[in-house]
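Q: Each chain, written out:
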Amino acid sequence: MFFLHNLERRVTLHPSYFGRNMHELVTTKLVKDVEGTCAGDYYIIAIMDTFDVSEGRILPGSGLAEFTVGYRAVVWRPFKGEVVDAIAYSVNPHGMFAQAGPLRLFVSSHLMPDEIQYDANATPPQFTNNADMVIEPGTHVRVKIIGMRTEVGEMWAIGSINGDFLGCLQA
Amino acid sequence: MSSNVDSESEDDFNPQPADLSDEEIETENVKPARGSSRAAPRTSSPAADDDHDEEDDDEDAARPTNGGAGKRPPRKASLVPDDAEDGDEDEEQEQDDEDEEEEEESDEDDVQGGHRRKRHRDRRAAFFDIEAEVDEDEDELEDEKDGEEDVDFIDNAHPDDIADSSRMNDDRRHRELDRKREMELSLDAEKQAEILRERYGKRAPARAFGDSVVVPKRLLLPSVEDPSIWAVRCKEGKEREVIFSIIRRVEERRGTKNEVPIISAFERGGVTSVMKGYIYVEARRQNDIMIALDGVLNVYPRSKMVLVEIKDMPDLLRVSKTPNLEPGAWVRLRKPAKHAGDLAQVIDVTENGLEAKVRFIPRLDYGVRDDLNSGMTADGKRKRPVGPGPRPPQRLFSEAEARKRQPRHIQGNPQTNYWSFMGDDFENGFQVKDIKIQQLEVKDVNPTLEEVTKFASGAEDGTENLDLKALAASLKDSNTNVAYVPGDVIEVYDGEQRGVIGKATNVQGDIVTLQVTEGVLKGQTIEVPNKGLRKRFKPGDHVKVIGGSRYRDEVGMVVKIVDDRVTLLTDQTNTEVTVFSKDLREAADIGGQGSLGQYSLLDLVQLDATTVGCIVKVDRESLVVLDQHGETKQVMPSQITNKFPQRKTAVAADRNGSEIRVDDVVREYGGQQRQGKIIWIHRSFIFLHTNDTNENAGVFVTRSSSVNTISAKGGRITTAGTGPDLATMNPALKRNPTGSNNPAPPPKSFGIDRAINHTVTIKRGGYKGLLGIVKDTTDTHARVELHTKGKIITVPKADLAFKDKVTGRPIDINTRGRGGFGGGAGRGGFGGGSDWAGGRTPMASGGPERTPAWGANKSVARTPAWSRNPDVSGSRTPAWGDGSRTVNPYDGSRTSYGGATSYGGATAYGGGSRTPAWSSGAKTPAPDGFGHGSKTPAYGSLGGDSWGAGAKTPAYGISAPTPGASGADAWGYTPGASGAFDAPTPGAGLGAPTPALNAPTPGAYSAPTPGAVSAPTPGAWQGGWGAETAPTPAASAPTPAASGGYYGAPTPAAFGAPETPAASGPRYTDDD
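Chains as they are written, first to last, in the numbering used here: chain D, 1 to 171; chain E, 10001 to 11072.
Pulled out of the complex, with its shape left as it was, chain E reads as follows:
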């Protein structure tokens, strides 16, 4: 804006820069030869006056001479001290005739006078000539130019020239004096400035601040007196065009009547500019703008015009650095709509900086859609350029395909792999195109690694030619404001402070304050711009990936550093990733990308009703899940129906039947023999984790039945050695230490089901209460012919209550079998009890068969009493029969109760029902206890030989009777068993009641059924006890004999004592 203003004023007067005059002088020096010819006329020409005004005259006089030469008059400096002035005048004289100007010039001359004299002397000193000669060349050029200008003056100048030169010699002394004085003055710049100001102060201030003087910027700022700037609306994107057309118009109308009355116009358009859609016009009056823009396309001066405030004016011209594109840089395309947003690489930038040659991956359909459209073209008038719809995917150009589809449109050279197809150029599969820089997105490109690698893999030979440097540059450009936070260890890799390493203490904008930690500057605090900084890490540092990287949120340890590329080993998956150090941050925490919403790595989730999976990878928005069939699939969090809570108690059995739990280490049997730690147990599948592989985060799935235990957490396998768990109940005091005193599994019946032909009532269901006769049975169900309806129905056996045909009393059909098999009648009786237990437990299918009543009946054979009084004797007789068992009516009753439930009377014995045996039976899976694994086997084994002898019987028998006799305590103390229990549990409960009783019982036990005991279930018992009674010799001893003792001992303890000491106590007392 100001330039025009200045130019006006300059027309009047141009404050002559010292240089210019200097040059003139030099010019003269340079061309002494030419000057010499004119020297003569010149000598006369200079006005003789001391006054500068006169000098002016001199010059006027000199001009003609110059004109004659056709060039600036060269003069000999020595002869013509005023020459400099003349030169100046030559330029300006057209416009300048005023005295003031001349005065100024004279000032300048004075300044230059020094030079001149110097030169003068230089002439004498040979060694200065060299310097002078250097100047000559320049001056010559200048001279010539000036000469051209001078052409105009020629005519005017020459008449006085001679006179001037003649006067010159006279004045010379005076002038020199004058100049000396002036020079002294000029030495003090301020003073001189003052003078100048005085002299020219009245003139336009703008003039005073010519470009020769250094003027504080603030004085250059526009003021009210300056022309105003208006923002005029124009079509967005056409700003530059508008300006160009204005320029054209200015040119056209220059010198005509209707010159364009504006001072300047400019635009600050650009896609991202906030000033787009406007051009800015500087003019004195708003109306001038209207005139200037009248009829210009794309600009709308008639719409609202905004006057730019004075204080905003400087901002309009603020320079914003335009990003300079360099070959190799990454950009995004904006313009070919088909490629909008695609990444491109700059190959070259044109000289004028307006266009760039870029390469990108083409989106070609090889005319597939054109073909469709062509039909349309034939019919319709217009041809659609590119139909809307999905744009073809990015794919490298394929010559073969192009030939197939559009053989006519392709041409090129297979050697160079440079093709032209449908008007586009392709090189090595990439499309190459010149694109205006405005149509490229240069900032915030943020190329992802995937995109970039497409370019990299484009090389013919398949080698990776990924230029990480260019990538790094692009990335750096894209987010220059790398977030440094106080505490970061930073290295300066560029700039003055290069090599300095320190810890950031403060970050403010682009300035990072460093506390230097290494090197000579150690301890100092310096401030550096964040441009040349990078974060510094050491191998082994624990870092987290932040920022734009694909690996964001991964956490890992640094294993390698090359420049600003850091390789780290992730915590989650133990894979190595390489990222830029700017994307890293020291990680104080562990974890990282372990979770997405509520789902985190290694969680077990439900995918659908039948599929579960373990999360093996967590991405930004999706999860990768390994399902129970060993397949991985990618799912969205929304596809997950459920997440399983971690259950520490989940248990499975390995192929050996050993219990395995979460955190146990197992190995596959067969297959790949993979070994891993169990992380999930889901039904028959176990999910394992191993560090041996990174596949699926080290997770694999297998069936629990196909693994072997390697080690169990907490050493379960060897638990016996480490002692009891002191945080839970003393096992010895437990009612039902797992498996220890499990009642035998329900005896298996052989031959005809005993239930057949028995009279039963139905206990539940629609037929509840009805009486019938069992006609047929399966393992679980019975077909019952109802008395009432003459109808046969199928009822679960468990729902049947057996009745005595005659009396209608509940009976236990099983006891019969027992009695039969049982070694001792008494046992049998008690055994009934045990059966009973079976009866209660759902599993005990034999239950019904065993009803005490039944047993009792059978046993009747043996013990009259029993048979006679089923109710009472049922319980007692066996005991009696044994003798050993002493008396426990209660016990007896118990047993009977349990089993048959038929003993209505028995209920009285309540105690009986509670007997440990029951509870144990009911609660603990018998099978485990037995170690046989399942009930039935144990059962079977028992049943086979010895039902009678039956492991059970002894147990039962013992439990029932002994308590009566010996008291619950007895168990605890009984030789074998007691030992075991004593240790852990003082057996307070037991001991207290009846220590005295102990003595009797043991004997009793051992006596009665040694054989039976030993035979039947040693194994079973041991198994059960093993865990708990490990310490005690008796328990541990597997031998039958031991077990015999053992049984005697333990069972009681287990059953009688723990369960109902109180109950049994009283009972016994009663009895006794």
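Just chain D, with the same shape it has in the complex:
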């Protein structure tokens, strides 16, 4: 689910950049550092704007200036039970891996409807129910997240396509 989230971060700036446009540089750096990262249990998708760039404080020892910057960002936090659209990128007998934006998902073959079977003979290997549902790398799938794991700088989820309206997305 997407949220607008007010966040704060400390940004350091090398002294050689001190000058008129320092605040711009701070913002630039902030964007560069933060956008697209995973902050524990959510991803920071984009920074809307910054406000409240504090005075810089010189850090003893390094000479870098540290600014505390408040900013507003669009974040995405996947939840257990949330249904997301993803793209399968790897299929193996145990299940398939899919990517929903920055989030990697694994859908175990146990968590697929019974009629969907792994077909190793197809190229590329696929999960299929021998009808309309064919899951191979690149297929768009709709997945329900049933478990999440968060690590530093990474998130990882287990999904299920065992349910109504889950699974392959037709066109």
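A portion of the hints provided could be inaccurate.
Partial selection, computed: residues in chain D whose CB lies under 10 Å from chain E [as the list claims (entries may be wrong)]: (1) H14; (2) N92; (3) W156.
Capping the alpha-carbon separation at 30 Å, the derived lysine-lysine pairs in DSSO-like fashion look like this [unchecked claim]: (4) D/K80 with E/K10560; (5) E/K10443 with E/K10338; (6) E/K10238 with E/K10443; (7) E/K10503 with D/K80; (8) E/K10503 with D/K144; (9) D/K80 with E/K10677; (10) D/K80 with E/K10522.
To be clear, the hints were calculated from the coordinates, so they are not data collected in a lab. Virtual Cβ for every residue (Gly too), placed ideally from N, Cα, C.
Given chain D's structure and the hints, the job is docking chain E onto it.
A: Chain E alone, transformed into the frame defined by chain D:
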């Protein structure tokens, strides 16, 4: 123990249980027919007295009658109210003649009297008969038994019998009254008990607590008056035998003079018992035991005998539940030594529960070793049963092999696959054997999955017939105390509370307190024994494997649950494993089995001098490592010599020459086109990780030169767009932005090496300081003929200092070439500087050739001044010559310095040596800067056409001269370049010094060597600058023209300004 005691007392008196008498009565009811015949005699027999004493007499009288019948006298209840008593008496009368007893009996009779009357009435009420008839059968049986006993009494009884029966009618009323009264009494049990106690209290207390009365347990506990129990040592494992032989002895001596004087004996042996090695004997005196055990084998009454304390006695008989074996259960063998510890499966348990038929995997050598021994047997007398030494491995029985080795000893049926070989039975490859249960380990079997699967795969058709249920049962038995911890979500799957789900709040021993979370009991707290509990998980839960499972410490997410089997997907390797839910615990943390000692998954370790590997699997005690050749091997931590620290700075080049670093995503070129993220760079190998496969934890290794970059972390490839890194020094202010102002690589010489025939001194080594003449050279070395020794030695070129033949001054042999090629003399001069830079950098093989002096010399041709005064002019002249360059003696000097080092005088110019060019040359790999990849190419290209025009020269020239003229600042501001720099760095340093100077220089630059600049090294420069000056139009523009401007601009900035603004400032001022 007590039974014997009781039996004694019972001999005297047996407090008659109500039932018994009841039965008697019923008996009578049942057999009215028989009774009728005797009824007549009986009627007279009962004593007419109200007194119970008299009743006794009655019975005595009745006995003869009974005896005559040969059975207990059946009587009609209606006629003989006392019959019950009679029956009782019949049993007891042998022993009992005392009044008290009779009294008691009468009491009982009273109790039963009610029944009797009831029955009496029942007779009238038809529907009660049915009930009575049910009883009849039983009674008949009883009756018969009793009758048998009665045989003894027959003779005694019958004389009075008739008289009794005749009296009976008279007394009847009285008696009934009496009984009524008594009955009322009997209604109050306590009172009655009181009476009984009064009456019999004087007797042995044990008697009072006969089995008819419910007695509190504590009153049954042994006391001081009871016999003592001694623990007697015996041979371990022979406890039971000893007891049996004692029993035998007791039987033998019963009724003889020397009866065994002990009261009881028992043992509590067993392999795991703490009481093994002892038997326990109950006796009045210790000496009795000595007598009883005298001569019994395996028991040692003469060794110390331990008297069991009274308070410990009850514990001796505490019942410990013996594990009951069921077919399918797993056990371990203890006894056939060859199979000790092997897992076996129970097929059947014999009726008596002493033996079990088990099947296990045989350890057969098919007589291989027997053959060896047989030779021995022939010679020696004895045959060793089974020699010590390694026991054969577990392998299923093979008929073929058996036939090959010992064809005579095998028989069986291939159809049933049941074989007998060397006296053992084999079924489907398994050995089948009846083994005493004592020789099986039944508890704590803990079969591992590997062991169990051997059994499972034993099926003929290869199907898996693994009985997980039995396995689960075995496992559950083995550690019943599954560790539940508060917070676990638990489901009750067995027992009354079945189906309840809750969260454990407290665990105490076997009792788990649950806070019910679902269902109707929600919110309640209940306590349940942990027996019928299992942990409950949901798909998606993050769990850790604990306990005995092979997958211990794996952490993963639950994907499937069937009963108590949970399938989870491990975090580390993305593989699915199935374990019992009891072995799982909710994992708050991530990680898991990621490390063994200091080594953890995906670490890069050194295996030997030439082999490194990435850890792809961590087991309990070993590691699996993928080495740089793509092979996996299992190693122990001790085999690892070293662990590499993670170096984020490691850099390699992909096949396109692009820089790749750790965390970049690359794809193999050719081959399997695997794509992965770089986790390690080791020399020319890179270890990559991918999620596409589980093999080797997704790690594979390849050569860095065979991959293409897909994406670089932090978008290095597109860095230009994102701006500078604001956490490090402003690149524009950097002295040597990477590659930007690299001095040209040392010019490559063509034709004859210029060093040849030059006079040199040797700068280091054993010949240091000696003068000589270069006779011949290679790329790196020169053969020098020493003046002193007339000897030719080989010296690295870098160790040579070139001298003027005549003056002995240091010269730069390279400058000559430059001068020659150089577009402008001035440049040439400066160019010398650049060369110089080359000279310093080790790579610059051309260094020596370039010595400013040399250049100067050459340039002499062009600029008289130069030639004339090599020292001074060297530097200056070029500048002069150009005119544009204005004056920097210093610069000139610098350049010359750098290169040749020969300019002793130049040292004065110290500043010169410091010039940015130098540092840049020295510090940054020129090649990178040039983007050409290597120095030489760039070099070559330069050298080829234009050495003169030489990219370098311009740069150098510029750097040297302009600073002088324009001041360092100028660079910064110079049209093209300045733009670029301005943005990022105010160029404070530059700006400050001499803004005014800017103007002049640009012109100067552009003017002098446009062509040269453009031609030589646009590419190179751009490359260098590209990164830093991307923003500035000038920089970005690749075109020669732009570059021209660019050069003019940047170089100065790069060199002059950043490096030694201060130095250059003063210098210039001086000059000016």
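Q: Regarding the hint that D/N92 lies at the interface with chain E, is the smallest CB-CB distance below 10 Å?
A: Because about 7 Å separates D/N92 from the closest Cβ in chain E, which is inside the 10 Å limit, the hint holds.
Q: Does E/K10677 sit within 30 Å of D/K80, going by the straight-line distance between their CA atoms?
A: holds (28 Å)
Q: With a cut-off of 30 Å on the C-alpha distance, tell me whether E/K10503 and D/K80 pass.
A: Within the cut-off at roughly 21 Å; holds.
Q: Can the hint on D/H14 be confirmed by a CB-to-CB distance to chain E that is less than 10 Å?
A: Holds: closest Cβ of chain E sits about 6 Å from D/H14, inside 10 Å.
Q: With a cut-off of 30 Å on the C-alpha distance, tell me whether D/K80 and E/K10560 pass.
A: holds (16 Å)
Q: Against the 30 Å threshold, does the CA-CA distance of E/K10503 and D/K144 hold or violate the hint?
A: Within the cut-off at roughly 27 Å; holds.
Q: Would the pair E/K10443 and E/K10338 pass a check requiring their Cα atoms to be no farther apart than 30 Å?
A: Holds, at about 20 Å.
Q: Quick one, are D/K80 and E/K10522 close enough, alpha carbons at most 30 Å?
A: Roughly 24 Å between the alpha carbons, so the hint for D/K80 and E/K10522 holds.
Q: Do the numbers back the hint for D/W156, that is, is its least Cβ distance to chain E under 10 Å?
A: holds (8 Å)
Q: Holds or violated: are the alpha carbons of E/K10238 and E/K10443 at most 30 Å from each other?
A: With a Cα-Cα distance of about 22 Å, the restraint between E/K10238 and E/K10443 holds, given a limit of 30 Å.
In summary, the structure agrees with every hint in the numbered list given earlier.
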